[in-house]
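These protein sequences, in sequence, are chains R and L.
Counting with numbering that gives the first Met the number 0, you get residues 0 to 476 for the letters of the first sequence.
Counting with numbering that gives the first Met the number 0, you get residues 0 to 391 for the letters of the second sequence.
Hints listed in this document are in silico derivations from the structure and should not be mistaken for laboratory results.
None of the hints are false.
For lysine-lysine, the following DSS-like pairs were computed, each having C-alpha atoms within a straight-line distance of at most 27 Å:
hint	chain 1	residue 1	chain 2	residue 2
1	L	LYS162	L	LYS193
2	R	LYS407	L	LYS63
3	R	LYS469	L	LYS28
Bear in mind that the values here come from a model prediction, so they are computed numbers and not experimental data.
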Amino acid sequence: MPAGFTIQELESWNERIAALVEKFGLDPYPQEFEICDHEQMLAYMVYSGMPSHYPHWSYGKNFEKLKTLYDYGVSGLPYEMVINSNPSIAYLMRDNSLLLQVLTIAHVYGHNDFFKNNFTFKSTRAQYTIETFKAHANRIRHYIEDPSIGLEKVEAILDAAHALSLQCRRNLAIRKPSQEEDVERRLAESAPAPDPFHSIHRRQDYIAPDLNRVPLYPEEDLLLFIRDHNPLFSDWEKDILTIVHEEAQYFIPQIETKIMNEGWASFWHKRILDSLELPQGMQLEFVVRHNQVLSPARGSINPYHLGMKVWEDIEGRWDKPALDEKRDTGAKPKTGREKIFEVREVERDASFLRRYLTEELIRELNLFEYQSRGGDQVVARVADDDNWRAIKETLIKNVGTGTIPVIKIEDADFNKNRVLFLRHYHDGRDLQLEYAEKTLRYLHRLWSREVVLETEVNGKQSLLCFVDDKLTIKPVH
Amino acid sequence: MSTVFRSYDSSSGQRSDRCAGDRQRHREKVHEAIRQNIADIISEESIIGKDRDRIIKVPIRGVKEYRFVYGDNAPGVGQGGPDTQPGQVIGKGEQGGDGQQAGDRPGVDYYETDVALDELIDMMFEDLELPYLERKHLRQMEVEQLYRRKGYRKKGIRIRLDKRRTAVSRVKRKKAVQRADAFALRPQRFPFHKDDLVYRHTVTQIRRESNAIVVCIMDTSGSMDTMKKYLARSFFFLLYRFVCTKYQNVEIVFVAHHTEATEVTEDEFFHKGEAGGTFISSGYRKALEIIEQRYHPSLWNVYVFHCSDGDNFESDNTAALQAAKELAAVSNLFGYGEIKPLGSGYYGSSMIQFFSQLAAENFQTVQIQRKEDIWPAFKGFLSRERARDDAA
Numbered sequence: 000m001p002a003g004f005t006i007q008e009l010e011s012w013n014e015r016i017a018a019l020v021e022k023f024g025l026d027p028y029p030q031e032f033e034i035c036d037h038e039q040m041l042a043y044m045v046y047s048g049m050p051s052h053y054p055h056w057s058y059g060k061n062f063e064k065l066k067t068l069y070d071y072g073v074s075g076l077p078y079e080m081v082i083n084s085n086p087s088i089a090y091l092m093r094d095n096s097l098l099l100q101v102l103t104i105a106h107v108y109g110h111n112d113f114f115k116n117n118f119t120f121k122s123t124r125a126q127y128t129i130e131t132f133k134a135h136a137n138r139i140r141h142y143i144e145d146p147s148i149g150l151e152k153v154e155a156i157l158d159a160a161h162a163l164s165l166q167c168r169r170n171l172a173i174r175k176p177s178q179e180e181d182v183e184r185r186l187a188e189s190a191p192a193p194d195p196f197h198s199i200h201r202r203q204d205y206i207a208p209d210l211n212r213v214p215l216y217p218e219e220d221l222l223l224f225i226r227d228h229n230p231l232f233s234d235w236e237k238d239i240l241t242i243v244h245e246e247a248q249y250f251i252p253q254i255e256t257k258i259m260n261e262g263w264a265s266f267w268h269k270r271i272l273d274s275l276e277l278p279q280g281m282q283l284e285f286v287v288r289h290n291q292v293l294s295p296a297r298g299s300i301n302p303y304h305l306g307m308k309v310w311e312d313i314e315g316r317w318d319k320p321a322l323d324e325k326r327d328t329g330a331k332p333k334t335g336r337e338k339i340f341e342v343r344e345v346e347r348d349a350s351f352l353r354r355y356l357t358e359e360l361i362r363e364l365n366l367f368e369y370q371s372r373g374g375d376q377v378v379a380r381v382a383d384d385d386n387w388r389a390i391k392e393t394l395i396k397n398v399g400t401g402t403i404p405v406i407k408i409e410d411a412d413f414n415k416n417r418v419l420f421l422r423h424y425h426d427g428r429d430l431q432l433e434y435a436e437k438t439l440r441y442l443h444r445l446w447s448r449e450v451v452l453e454t455e456v457n458g459k460q461s462l463l464c465f466v467d468d469k470l471t472i473k474p475v476h
Numbered sequence: 000m001s002t003v004f005r006s007y008d009s010s011s012g013q014r015s016d017r018c019a020g021d022r023q024r025h026r027e028k029v030h031e032a033i034r035q036n037i038a039d040i041i042s043e044e045s046i047i048g049k050d051r052d053r054i055i056k057v058p059i060r061g062v063k064e065y066r067f068v069y070g071d072n073a074p075g076v077g078q079g080g081p082d083t084q085p086g087q088v089i090g091k092g093e094q095g096g097d098g099q100q101a102g103d104r105p106g107v108d109y110y111e112t113d114v115a116l117d118e119l120i121d122m123m124f125e126d127l128e129l130p131y132l133e134r135k136h137l138r139q140m141e142v143e144q145l146y147r148r149k150g151y152r153k154k155g156i157r158i159r160l161d162k163r164r165t166a167v168s169r170v171k172r173k174k175a176v177q178r179a180d181a182f183a184l185r186p187q188r189f190p191f192h193k194d195d196l197v198y199r200h201t202v203t204q205i206r207r208e209s210n211a212i213v214v215c216i217m218d219t220s221g222s223m224d225t226m227k228k229y230l231a232r233s234f235f236f237l238l239y240r241f242v243c244t245k246y247q248n249v250e251i252v253f254v255a256h257h258t259e260a261t262e263v264t265e266d267e268f269f270h271k272g273e274a275g276g277t278f279i280s281s282g283y284r285k286a287l288e289i290i291e292q293r294y295h296p297s298l299w300n301v302y303v304f305h306c307s308d309g310d311n312f313e314s315d316n317t318a319a320l321q322a323a324k325e326l327a328a329v330s331n332l333f334g335y336g337e338i339k340p341l342g343s344g345y346y347g348s349s350m351i352q353f354f355s356q357l358a359a360e361n362f363q364t365v366q367i368q369r370k371e372d373i374w375p376a377f378k379g380f381l382s383r384e385r386a387r388d389d390a391a
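Produce the complete structure using the sequences and hints provided.
What follows is the structure in structure tokens.
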């Protein structure tokens, strides 16, 4: 091994780190580390760390991009790449120094613990991750090699499916009701409310619900809905939609907990390395590296920095509640450590920031809100008395799946013409129209009939109708 | 909790290139994208030069992956310093999200790719249905006629009589007669017979060459600004490239004119501004003169293109038309491109209408307003030549 360390060294450091992990009360999956070179690392990054993944040109594109950036020294490679699976797999780059490996190992245990314990990851079936991705890859390769299908057709479906894959349910801890349950709910809703004065009131008319409407309730899982309701699909097409949907669902928890997760791992690598009693040279390197990773990014948000700040703040506040906090809430029964372990289990980024990002912290971090004006990004609000709440709201909208517009299927038989009608739940942010047009084109390809999206464009309620290969925008009257 | 370390296995090298197939496919997509946007690319200034072996970097809009994303009016949050004030500008709107996380803002997904200029030109002319053009014979010229000896004949004109061979054949015949008839009376004389005569045979050989000359004429009067020159340059570039694909030997001549015309170097042609009025006829006369002296139409295929903003002196119009007629007569293809960038207004007259009187079938006028017009205009221009080819 050319690098300045041996496997034996890593193992002995790991032993000490693992002991600390246990002492601190972290509870990770079994861990596997694989040493790889930088090309392999790039490939793992491109395929989300999966040892096996189905092929698609977008991964090739991503690889070229990363490699160019890396070759020109614009960006380095991440020190660590860890995947949510049981056992968890992480990659260590062999060109890194021993200290970086130690730092990475400690950091990885933080992620691993988070994967295992945070509620959002419960739906990901970590014990089957590798096998699932492998099976997906095999199926898609099989379709590509099938002479009656071939690359072109598979790619056309994959392109379209990728465009829509994140239009799916966001909170996977909530069970999706079955069709029967939806029917029951619809019936129950249409029953008249119990009236305590029924003897003197006229009985309300019963309006029978339209149970033939598809879908009964607005549907968020676009790919699944299309899969189940486009009668023209053959089995392999349905299967590809399923695969893309499942992979997107696997990554939703990671999108939803980026700040918490990175913050948590950074919080723990700091504490672990501080307790390791590193030799002086390594200690200095650690300080440098740690500060590189954790430095606040001016003009944007560094999830490592923000996350770690909030975690430290929670621990500090619960350990030493300020006097007025004590008076207001009574003595807190939990210590700081207990509190953060509870939080890492039950929150995700949006709720985490909503509950624990305090006004003081917003001021300390100098958070500001920016808006685009005439092609420039302009600071709109800074953290002062009037504006910190608004900044916090904006931040919450911009974390996790908040960056993905909420679009639901409202009617699959719009105008009784098998037109797919979707609604964008507008929250003040308009859709980017060029992207919307191209995405609707994909949607149209999958649905193979006209698609209509209702959204707000420049303050006007509008219908984006995609039919005959072009988009028309009509105002809603 | 258990931990496993797997050491680096250099033999797993092939795994490190697991996305070679995806990269290949992506590159194909990129090339497809280049082909589709060829008109945009060729109007980029960076490729308008003549170095044929150059590898050029073509900025192309990457093959985008579209999703539903928020547009411009979505605010964001960043971290600043204590000095951050409302109203401060922190960056450009199109920052181009890092693309790592899905649901990012759309970035302008530009990146560069290396394409050899040749490859790009091939792609360009693929778009022109070049196979159709290639089926046409090159219009060749008989540059030289020379006579070469090729064997001997029994018949011929006196001047080509080969005396030595004739003598030899007479000797041969004489010996043959003696052997056949040894006791025959030996005649005193054994004269030449008609069969003895041997003539040198010659063939006429024509060496064909395909030469072409591209004459670029441009109005460099005060009214031609940088943008107009740039548009003109793009067009000349295309024409030159096109002619190069068809002829073995292509030369290019630049004629700049205002009220007088001079032959200039390429650099001067595109970069030197002049002032003054415009006599289009002066440019045409100069071109005719050059063609007459150095590139005679019997030896050269002549392609003439003139770019102007159409702002000619009224008094010169008749002379210009006459010169244009003469030019059309000597050239394979003669074009007049009028460059009127949008918004320049119609302050000047348009020569296009005036030139419509010129009935030569190899004459074509095109109008260019924006750089997007160049490619369609060029295609239209060439369609004239195709028509002539078909007639030929």
